[in-house]
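Let chain A serve as the given structure and place chain X on it in line with the hints.
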Amino acid sequence: MNYRILTVGDSASFPNSHPLLDNASRTGDVIVILGNRMTEALERVGKRDRYQAVVVELGDECLGFYSGESRGEEGSNLLGFARFGLGADPATQLIELVRQPATPQAAIDAARQVFESAGLQVAVCKDVPGRIVNRLVRPYYNAALRRLDEGLATAADMDTTLKLGLGYPEGPIGLLERSGLEHHYDVTQALYEATGDSGFFPARRAQVAKQRARAVAEAQAWAEREQRETSDE
Amino acid sequence: MSAIKTVGVAGSGTMGAGIAIVAARAGFRTLVYDVAQGALDRARKQTEGFFAKSVERKKLTQVEVDEILASLEATTDIAAMAQCDIVIEAVFENLKVKHELLAKLNAVCPPQTLFASNTSTLSITEIAAGSGRDERVVGMHFCLPAQLMKLVEMSPGLRTSEEAFSAAWDFCKAMGQIPVKTKDNPGFILNYFLIPFNNDVIRMVEAGIAEPADIDRAIKTGLGYAMGPLELIDLVGLDTHLLVAEALYAGTHEPRNQVPALVKRMIAAGHLGRKTGQGFYKYSGNAMFGG
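In order, the protein sequence lines correspond to chains A and X. All residue numbers for the first sequence refer to our numbering, where the first residue is 1 and numbers rise by one. All residue numbers for the second sequence refer to our numbering, where the first residue is 234 and numbers rise by one.
So that you can see chain A by itself, here it is in the shape it has in the complex (with noise of 0.2 angstroms):
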């Protein structure tokens, strides 16, 4: 299947070459719209019904930002994805593809087909807060963090237990120190923001994270000014 690729802004899902990049089409039936300037992306489109399906890249907002909803009956080939990944790991093979109740099947499949075609893997979803992956892990971690500072086990002896017990290829505190505590505040920040749900309320430890990533950089900035100030004098 031919498609298109438009670009507008920085894209998180994929910042570097890719099959997905590297065979689009000038034209196609399908056009994957990628960037963080969505809204300025769609007004370029212009009349989406020419597409058989209009894809667009989603951060931590939902599909109806763009799409606007009512009544539960929103739906046309609009669909959405974000490409999974963890902090600062490198961006995984997987796809979570939105939908919405009324999305035609033809627009799911085309969808489907062109990131398939570029040796991803596709998961639908409805248009959610943290689509699959994060609504799933994002309140374990927290709780892995939690029951840590409760003093629970060892964080080596509760990594070793969800790997060896349940076969996960990594522990959740190794993995959250690895990927990067404070973008786990973040997610959760956000999906706490647009849930309400208290699972996803920041463990204390990615909330220390964060303060201490905020801190560096705002230190890391004043040295910088006065360094710069100090050679303009």
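These are computed hints drawn from the structure, not numbers from a lab. Here the structure is a predicted model, which is why all the values come from computation and not from measurement. Glycine included, every Cβ here is placed at the ideal spot set by N, Cα and C.
What the simulated footprint calls covered on chain A by chain X, stretch by stretch (three residues with Cβ under 8 angstroms from a Cβ of chain X suffice, anywhere in the stretch; the number is not a length):
{"no.": "1", "region": "92-106"}
{"no.": "2", "region": "138-150"}
{"no.": "3", "region": "162-171"}
Same frame as chain A, now just chain X:
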């Protein structure tokens, strides 16, 4: 180095049979106790099938298997457990049932015999309180299927002596298992994290957010898990998930531990998972894992 020579396993269900395999395979004389001869016979048949596969897969020789099976005895006479240095109970997850069993074992076993509980959700301290020897009771939670999984969550109760915990820890390692220490906390580590996660997954299906296959694909691709959560729930069984989750909820009252209504509807429909041929997916075939 473990001073334990003879191991008792009380209960010959899936977990009990698996634990007995682990102990016997590690060279311990192992006595399996159950009130029902039929349950012991079933466990023996499954165990023989498991070891036959071990020979087929060249993990053990027939001579080794014969020795292991000769060291593995079954009894409906609780008095026979008097020979054991440690008795691991793997009976129904009910405090009253466990107290009744431990009281009977306490009456027949010598004072130095250790009691271990394979509970996945109940408090070791509460179980120990009905044992008559709470300083010699430890938590030893094996993972399913016990005969294949190396992990054992070990918990001291509030009154467990350091000597008893240390002896059980050494015995666990002597069986070739990997012990981890956790507080006596509902669900210990594994179920404390797994049950609410699985409940959230089931709620996601219930709310129509995504199809089971999409959820499993997302978790496997996004996080590198070998098995999707709904595949795992089907393997464990929805009835088992219900039991563990209800026990965990009773001990924590955390909303995420409360079982979604869909679980009870699926159980009512006979959709228990792999064991009935249908859960979140459809299946054919059922046998003891591994060999």
